[in-house]
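Starting from the known structure of chain A, arrange chain B on it as the hints suggest.
Protein sequence lines, in the order shown, are assigned to chains A and B. Take 1 as the starting number for the first sequence in the UniProt record's numbering and just add one per residue. Take 1 as the starting number for the second sequence in the UniProt record's numbering and just add one per residue.
Keep in mind that the hints were calculated from the coordinates and are not lab data. Owing to the predicted nature of the structure, the values given are computational and were not obtained by experimental measurement. Be careful, since some hints might not be right.
Unchecked claim - Pairwise CB distance ranges, derived in the manner of DEER restraints: (1) A/Asp211 x B/Tyr2: 31 to 37 Å; (2) B/Lys263 x A/Asp697: 37 to 43 Å; (3) B/Ala103 x A/Gly162: 49 to 55 Å; (4) B/Met1 x A/Ile531: 37 to 43 Å; (5) A/Glu319 x B/Asp144: 56 to 62 Å; (6) B/Ser267 x A/Ser698: 47 to 53 Å; (7) A/Asp526 x B/Glu25: 53 to 59 Å; (8) A/Ser698 x B/Ala207: 18 to 24 Å; (9) B/Glu25 x A/His190: 51 to 57 Å; (10) A/Asp135 x B/Ala103: 42 to 48 Å; (11) A/Glu654 x B/Asp101: 17 to 23 Å; (12) A/Phe405 x B/Ala207: 50 to 56 Å; (13) A/Phe405 x B/Leu43: 53 to 59 Å.
By construction, the Cβ of each residue, glycine as well, lies at the ideal position given by its N, Cα and C atoms.
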Amino acid sequence: MGVEGIGAKVLRKEDRRFITGRGRYVDDMSVPGMKYAAFVRSPHAHAKINGIDTSAAEAMPGVIGILNGQQLQGDGIGNLICGWAVNSKDGTPMKMGAWPALASQTVRYVGQAVAIVVADTQAKARDAAEAVVIDYEELPVVTKAVEALKDGAPQLHPEAPGNLIFDWELGDKAATDEAFSKAAHVTKLHIHNNRLVPNPMEPRAALGLYDPAEDHYTCWTTSQNPHVARLVMSAFYNVAPEHKLRVIAPDVGGGFGSKIYIYPEEIVCLWASKRTGVPVKWTSDRTEAFLTDAHGRDHETDVELALDADNRILGLKVETTANLGAYMSLFSSSVPTYLYATLLSGQYDIPAIHANVKAVYTNTVPVDAYRGAGRPEATYVIERTMETAARELGISPAEFRRKNFIRSFPHQTPVIMNYDAGDFEACLNAGMEAADVSGFEGRRAEAKSRGKLRGLGMSCYIEACGIAPSKAVGSLGAGVGLWESAEVRVNPVGTIEILTGSHSHGQGHETTFAQLVAERFGLPVDNVQVIHGDTDKVQFGMGTYGSRSGAVGMSAIHKALDKVEAKAKKIAAHVLEADEGDIVIENGEVKVAGTDKKLGWHEVCLGAYTGHNLPDGMEPGLKEGAFYDPTNFTFPAGCYICEVEVDPETGTTEIIQFVAADDFGRVINPMIVEGQVHGGLAQGIGQAILESTHYDDSGQLTTASYMDYAMPRAWDLPNFKVSTTETLCPGNPLGMKGCGEAGAIGSPPAVINAITDAIGNNDLTMPATPEKVWKALNAVR
Amino acid sequence: MYETSYHRPSSLAEATQLAAEKGDEAKYLSGGMTLIPTMKQRLAAPEALIDLRHVGELKGISVNGRSIRIGGGTTHAEVATNEEIKSVCPGFAALAGLIGDPAVRHMGTVGGSVANFDPAADYPAALLALGGTIHTDKREIPADEFFQGLFETALDEGEIVTAVSFDAPDQCAYEKFRNPASRYAMCGVFVAKRADGVKVGVTGAGASGAFRWSDGEQALSGNFAPEAVDGLTVPEGDMVSDIHGSSAYRANLVKVVTKRAVKKAHSH
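Next up, chain A with everything else stripped away, as it sits in the complex (with noise of 0.2 Å):
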């Protein structure tokens, strides 16, 4: 490899321009005669509209148009669609109601949106918008997914009686009813997985623009996958069809999967720059934020693991109630189901599951995939699980984990995953020694000398990334498919641009990707320039989510690059008169192998654009396209261990110590993994102690602002101990299985575990606040 090739600490080369100040984000996007929206948004969390008067808005100073539902479906926009169809057990499918871009008939949560104001400022939109008057009926609301499913519960969607989306079903029943019959021991534990806002920096934004002499339009907008809002906004909502429109993600502030999906607002800015005649550009405040954007998690489930007198697993019960909020956002149905129940297995060998989940509406806001999506929710089950299990066994909870380690593999698990490689062990002992954790007795004893309860938890988790096999995704009712493109442009000078379907939104892709062309000729980084998130430069691509960049997307750069090579040896050997197999490409030079003939990498590069002396019938330049679909997901797996210690007088956690010991395969840059690793570590840790949504009865977002809504600070957050062990996948050429969620995934049983260690009662629920934690105390001392 070069330094700057495969495996090395290379500095960002995106950080100068973002440290600067000078990156460029949708709400930095200017264009002449642009003009300012706001949206008009429901203040009830369910009601009917009987009559918006816009009369008196219409009349203030700088107001150019106000827009409404009625008119935009007359104009044939369509409604907002689920991309993933997952079936009941009984075999129908699930009960979408209808969701459009405005409402006209019915509200269903607080922040929907009725009716857009275009105007010559934001804040004259904005104050147009407070005077839209619309006449609303109030209906009785219901924002907890168990209350929903209730008899006489408020109901939100004739499409869903009952409020019930699917009653969708995984495993062999029989089977685990079987195995839980022989059972010696069976732990079962109600749990909670707290609703979270996901919170990027950057605020989502959208600016449209509509071209009436090409009758062409151009949509900026904060994307994790601007090629995919692209299809469906021409496919399924009709804004245009796709040639005529072209999607732009420029720099894109952290996404968390909350800017996968394709919102009202981008639709409604583009649609109501045609009407409204002028460019439109909406920018999220943060209230909006909390209120718009889709949340994550907020699931209620049962568990129940069936143990033999050996203590090995027997058989795994799960019953989930998962809360999809008002309406089914982009990929919604896949999270509580195909994204969770699948890793249910866990790290260990478990010969029955059975998973049940029902997908439930409520008056809140739209629920879907958020860092680790399912993932987090399965990890949690089995890992709190796992240890309650341990501890009512008065068993150690690192050996009970040992045992049931899957072994050998492949493993093909109950619940669909094939896992193809692993090595559990390794990363539970690599954890273990980091953690100290055979010192933790005398560390709890001399915490206890200063009146400190100090407890210890783990997690070992897996996750499925590299979304993923197309074929495999469509069978189980994806709208799309999951491979990812790229296109490597040399130039004839030698450096090279990089196209990518991928999108970063702070991930570092600009440097990593470029890793790939630096391990591979042996270029500098700075030759290289990676290019995404336009649709009129890149080609179709599937975006960044479910850790995939690495695997896929650069799977398929490997592609590319695999061609570009070998058409550079071609020519090489050609001008050289040598054999094309003892051409080798390294340090930026282009050599006949065990010889001085050699050419630069740019003379190369130059002869293929200049003609002059290619083989015969070579076709002249050096631009080469690959897909690359994967061929299994992967699984990136870990332990994390974390210690903490309790104030016993009011409850407030510390975390000590957070050990995270992680399987990601190969890993490019170990820096910018580090980096996802703790960025995930303080959203897990966030969830665990921190982050709660909180709604009240008449369904108002009473933690819509950072004054109520508990964001982890630095200060929180210990400095963690991370390390790698390095078990390559099997499942596509560079042995990559993504890094992206692990931390958000695994970390919060382990904080959860630890604090019940500390406190000596299990009884505790996300996010463990200091007054949960001293009640939880008070109950059992």
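The following block gives chain B in isolation, referenced to the frame of chain A:
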């Protein structure tokens, strides 16, 4: 934010004249750490803002012996880093250093905080415990009479807090238990010990804003040690109850945080 006009007087006279001209729709701005966010959320809509941060008479800290006077326009950062306050009354300087974050401490002012009387603001606990005086452009008001209820003070319309003053006690300290979300005080306790007794000011926890914990004062006046309040019970009914903490939890905090403040006072 709704449209507003901004005015920057350079003297008290100019400020009060502006306020008189603008009438009810004007608001004084002294750092704006509460007012500006409230305006951004469109929950407040003053037609005129009269910025007091550039009024010379409101600036400055004077320490004479053990008497401390802090101008209303003094920032929290200036209080926190003032060497004389740190030497004479370290507990008060330390309190200022715990307010918000560095940006807030360099914008927010003593006068703005005291006049606003947010139920979780830090200074009121100290001024109550220190028996401080609030100076205005019209009069002097003892802290016990100044702080009246949630966001309610003895200030008349248009009256400006020009300074706060107090005599440094023998020992004092502030301990703050933060709300996990806002990081404001969920319970902040300032203890001040003098020859004639101990005073305990509590912020963040009380249903009617900052208050003096008289049971605690009595116990600590007899024995200025953390364990002195062990046997006491704080009435839950007087405490705030919200999504961040029940009144029972806050009642517990008053006691625990008081103990920690006493312990800290011994170490200052």
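Against the structure, the hints come out as follows:
no., hint, verdict
1, A/Asp211 x B/Tyr2: 31 to 37 Å, "35 Å, holds"
2, B/Lys263 x A/Asp697: 37 to 43 Å, "42 Å, holds"
3, B/Ala103 x A/Gly162: 49 to 55 Å, "50 Å, holds"
4, B/Met1 x A/Ile531: 37 to 43 Å, "38 Å, holds"
5, A/Glu319 x B/Asp144: 56 to 62 Å, "58 Å, holds"
6, B/Ser267 x A/Ser698: 47 to 53 Å, "48 Å, holds"
7, A/Asp526 x B/Glu25: 53 to 59 Å, "58 Å, holds"
8, A/Ser698 x B/Ala207: 18 to 24 Å, "23 Å, holds"
9, B/Glu25 x A/His190: 51 to 57 Å, "55 Å, holds"
10, A/Asp135 x B/Ala103: 42 to 48 Å, "43 Å, holds"
11, A/Glu654 x B/Asp101: 17 to 23 Å, "20 Å, holds"
12, A/Phe405 x B/Ala207: 50 to 56 Å, "54 Å, holds"
13, A/Phe405 x B/Leu43: 53 to 59 Å, "55 Å, holds"
Violated hints are absent here; each numbered hint is respected by the structure.
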